[in-house]
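Undergrad: Listed below, chain by chain, are the residues.
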Amino acid sequence: MGLKEDKIVPGREERVAACMAFGGCASGIGKQDKICLKNNERGFSQAGLCQLLPTLGMLLTLPETAVIVHGAIGCGSTGFGMNTSIRLHHLLRGNPNAKDSLWFSTNLDESDVVHGGEQRLEETILAVNEKYKPKSIIVMHTCTPSIIGDDLVGVIEKVRPLIDTSLLYSHCEGFKTKVWATGYDVAFHAMVHGFIEKDKDGPPPKKEGRKPGERPIVNVINLASMGKPDEVELERLLNAIGIDVVIGPNFADRETIRRMTQADLTVSVCPTHDDYLVHYLNTEYGIPCVLKDMPIGLENTRRWLLDIAGNFGLENEALALIEAEEAKVKKGVEKYLPALKGIKVFLSAGEFRALVTGGLFQELGMEIVGLRSYHHDDFGTEFYDRLIEAQKGKDFPIDIANFQPFELVNLLKKVDPDLFCGHVFDNAWAARLGYPTITIFRIFDHYVGYRGFYEVAKKAVRNLRNHAFNAKLSQNVPEAYRKEWYEKSPFAYIKSEAA
Amino acid sequence: MAEVVEQIRNVCALGALQSVVAIPRAIPIIHAGPGCGQKLWSGLSNGNGFQGASYVGGHTVPCTNATEKEVVFGGEGKLRETIANTLKVMDGDLYVVLTGCTSDIVGDDVGEVVRSFKANGAPIVFAETGGFKGDNYFGHELLWQAIIDQFLEPTQVEQGLVNVWTVLPYQDPYWAGTLQAIGSLLRSIGLTPNLIYGPGEGVASIRRIPAAQFNLLLSPWVGLKTVKRLEEKFSTPFLHYPVLPIGATETGSFLRAVGAYAGVPATTVETTIQREEERYYYYIERSADLLFETRFLPGHFVIIADSFYALGLTRFLINDLGLIPEVQFVTEKVPEEYLPLVEAEFARFDAALVSPVHYGADGRTVRTELEKRTFRERPLILGSSWDRVIARELKGYPLSVAMPVSDRLILSRTFVGYEGALRLTEDIYSVILSSFQ
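Chains as they are written, first to last, in the numbering used here: chain A, 1 to 499; chain B, 1 to 437.
Any given hint might turn out to be false.
[As the list claims (entries may be wrong)] One-sided and incomplete, this derived list gives chain A residues near chain B with beta-carbon spacing under 7 Å:
1) Ser45
2) Phe104
3) Ser105
4) Asp109
5) Val113
6) Lys178
7) Asn311
8) Gly313
9) Ala468
10) Phe469
[Claimed, not checked] Chain B regions said to be covered by chain A (calculated; three or more residues, Cβ under 8 Å):
11) 6 to 18
12) 83 to 97
13) 195 to 209
14) 216 to 225
15) 241 to 252
16) 301 to 315
17) 382 to 393
[Unchecked claim] Just the calculated beta-carbon pair ranges, DEER-fashion:
18) A:Cys36 - B:Gly77: 30 to 36 Å
19) A:His115 - B:Gly111: 49 to 55 Å
20) A:Glu130 - B:Lys233: 47 to 53 Å
To be clear, the hints were calculated from the coordinates, so they are not data collected in a lab. In this text the structure is predicted, and so the values were computed from the model without any measurement. Glycine included, C-beta positions come from ideal geometry on N, C-alpha and C.
Using the sequences and the hints given, assemble the complete structure.
TA: Shown next as structure tokens:
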């Protein structure tokens, strides 16, 4: 099975044996049995995320779309906040007049739970289409209609022939998977089925081979959380070695997404994010892929560029570019290195992002003393060993946790880093403990390629220079955890099946 | 039957979670799917004035993160384990179990699980707040029914102690400052406010609820169930004052009403009002030159907010600022039985000004109604950040006063009382003045 055949996207615990709960040494994760890891659970847990959020985060980037959240009214609560952040993305993309997405909730109540919500959903899709004529309509299926047995696909396929608008549906019920990264797959599934497989024009035909002398075109799979500055850097580097790019599917329109079937190569920027789509393009359109690295840090960027160039015999061009860029950026960061030397850093984000950013910090002379990932899968395994090797075998603790700040703050107090680098919401927890923090991504900033290397160094130095806000916070705000909790192992509530 | 909602302006019953978060050292435990807590927090807090996670909000909230296993086989075991371990890890004085859709549909016996912990001495209550049961105004009242019935004990009445029941924490992005302002007003006439939410005594203030001389319900309708239940259970009487007091006129009436009800000597109340009004009009007078000597007056005003603010702001803008109403939108679903009460309040304005009011209005109602109207001057549009789009199209002056607010950071700001009305006046005219600079 795969993206094309799947009616409902399988959870990542099934598809790639993703693990949600593990605590231990970085050196140990590769030696763990995948099935055992996958079954780890927590005896105490805090509110995580569900797959609806990443699904929505990606689908909302589609231009002029209408979102219908099929469920109780609370499932649409993130609507406005996400609308605002997408608007900010559009501003940064030089598109200040981008229209806001349209937002609807079918607002299921007690009577709907008894009688079903299919009819309301069908009427809503038709009414929204009639009144607003959006470019696409996205339907999100939530827990309540799923449990009461509403047939989402049935409604969609009944309505699809009646309207001219692209119809995207996503089964993103929170209770269906523990691994919210499944939401990325659900969003790819929705885009591919809505704009390619079940599009009114049918799937585009396979492209003929590249003609001699024609510049290669590669798909660069972007992330909804990636800022425009990073896309500009990737495009600059690939263009410089003679490669044209199509960036998508986030922030892309139907035509661009369909054009992705006509590329010569698909390049992932984050393998754990992209594999479901990349394999679809490979299986259905025969497009080869590069699905190994994330171009953050010098070494990772070098490997990423050389892998791509190798597909087109452009290795020499790539090497020349890499040498020139590395020389330039190394000189650029020289002034920051003294302040960063020996700084102990703790990272927290999606696994792959955290690992490659760790590599970048090591290249700046810093040491990794801890790492927290939202989930673990095979894409990351070898990168843990690389980090340990790069700091002469010095191991560090890792926590695989979908948020679970109780584990994070416990671990931080034990590890006591000099700098914390985290994803959304993580930084505030570290700041409450007084640690200087930098965000592992922010859509205004550069992180990838050579520009990213320079900017991250600069940002780390700036935040180390004055973290008075964090220090005052730690002296003045109470903690939510009992003292006894800090006396325990941060991983005390992780249960493995064997235990 | 419920209707489709365009552009949501409140959340589901489980949103009561944020009312618990607003009480220091009260800890919510949610028995729900893995995304419910994050979504509701994001909608009510982060996406609404950037109110933050607080002591135990956001991803810190203990949660069963229910999966297929709990939906198919029941989630009581998982809930029991989560509660037991929450008591070991999280440092709180009251634990509140709230359920989401998954648990309420499959029918977990949450009461049974919670009672077993209570029997062992844990300070714990529960409410079944599955999202499909109603909105967060409804969920908020379910929460208080639960706390009253399962936690409160009768105690000696303290003369002068007043429980304050008003805006919904987090749903109203200005709740924290608003409660503090109401507290100061009550203190100014010699009463002792019990504010419950926000910085203060936390759970100790909940325990004091039965000690109050009376309950003050400062709300068009939300909270009536709560104060009536308290009256039944502890014989505590209540004063229902339906309008959020903004500005000198309404705040004066409010203080007089409370003073009379509480038995505060009229001279105390009048002295306070006189002192506050002198101060208030000292500042208001300064604004007169801007208001009357320049051309920067807004045309008619439109309010798109819940009944607390739709009513409170309308009163102030008509009775004190002297503006003219165009149309008002009440965004929450006011239950049938309370509608006449709210409608009556909207009919009582100085200068006999009335404007149409739409109840349970969503984005579609707002857009449809506003597009029908002709605005000859630039209107003042007090609404949510959703409404900035239509405000732009109408060349209006937008100010975000209601959920969701994404264009301002809100810490302790409030529009209530004398000082609050000065802030509001500053905000309105700053929007107007900055619109061309």
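Undergrad: Does each hint fit the structure? Answer for all of them.
TA: Against the structure, the hints:
1. Ser45: holds (5 Å)
2. Phe104: holds (5 Å)
3. Ser105: Since chain B brings a Cβ to about 5 Å from Ser105 of chain A, closer than 7 Å, the hint holds.
4. Asp109: Holds, about 4 Å.
5. Val113: holds (5 Å)
6. Lys178: holds (6 Å)
7. Asn311: Violated, because the Cβ-Cβ distance from Asn311 of chain A to chain B comes to roughly 39 Å (cut-off 7 Å).
8. Gly313: violated (47 Å)
9. Ala468: Violated, because the Cβ-Cβ distance from Ala468 of chain A to chain B comes to roughly 18 Å (cut-off 7 Å).
10. Phe469: violated (14 Å)
11. 6 to 18: holds (count 9)
12. 83 to 97: holds (count 7)
13. 195 to 209: The restraint on the segment 195 to 209 of chain B is violated, since only 0 of its residues have a Cβ under 8 Å from chain A and three are required.
14. 216 to 225: That given contact is violated, which follows from only 0 residues of the segment 216 to 225 of chain B lying within Cβ reach (below 8 Å) of chain A.
15. 241 to 252: Answer violated; 0 residues pass the 8 Å Cβ test.
16. 301 to 315: That given contact is violated, which follows from only 0 residues of the segment 301 to 315 of chain B lying within Cβ reach (below 8 Å) of chain A.
17. 382 to 393: With 4 residues close enough to chain A, the hint holds.
18. A:Cys36 - B:Gly77: 30 to 36 Å: For Gly77 of chain B against Cys36 of chain A, whose Cβ atoms are near 22 Å apart, the range 30 to 36 Å is violated.
19. A:His115 - B:Gly111: 49 to 55 Å: violated (27 Å)
20. A:Glu130 - B:Lys233: 47 to 53 Å: Cβ of Glu130 of chain A to Cβ of Lys233 of chain B: about 52 Å, so the range 47 to 53 Å holds.
Figure legend: structure checked against the earlier numbered hints; hints not met, in rising order: 7, 8, 9, 10, 13, 14, 15, 16, 18 and 19.
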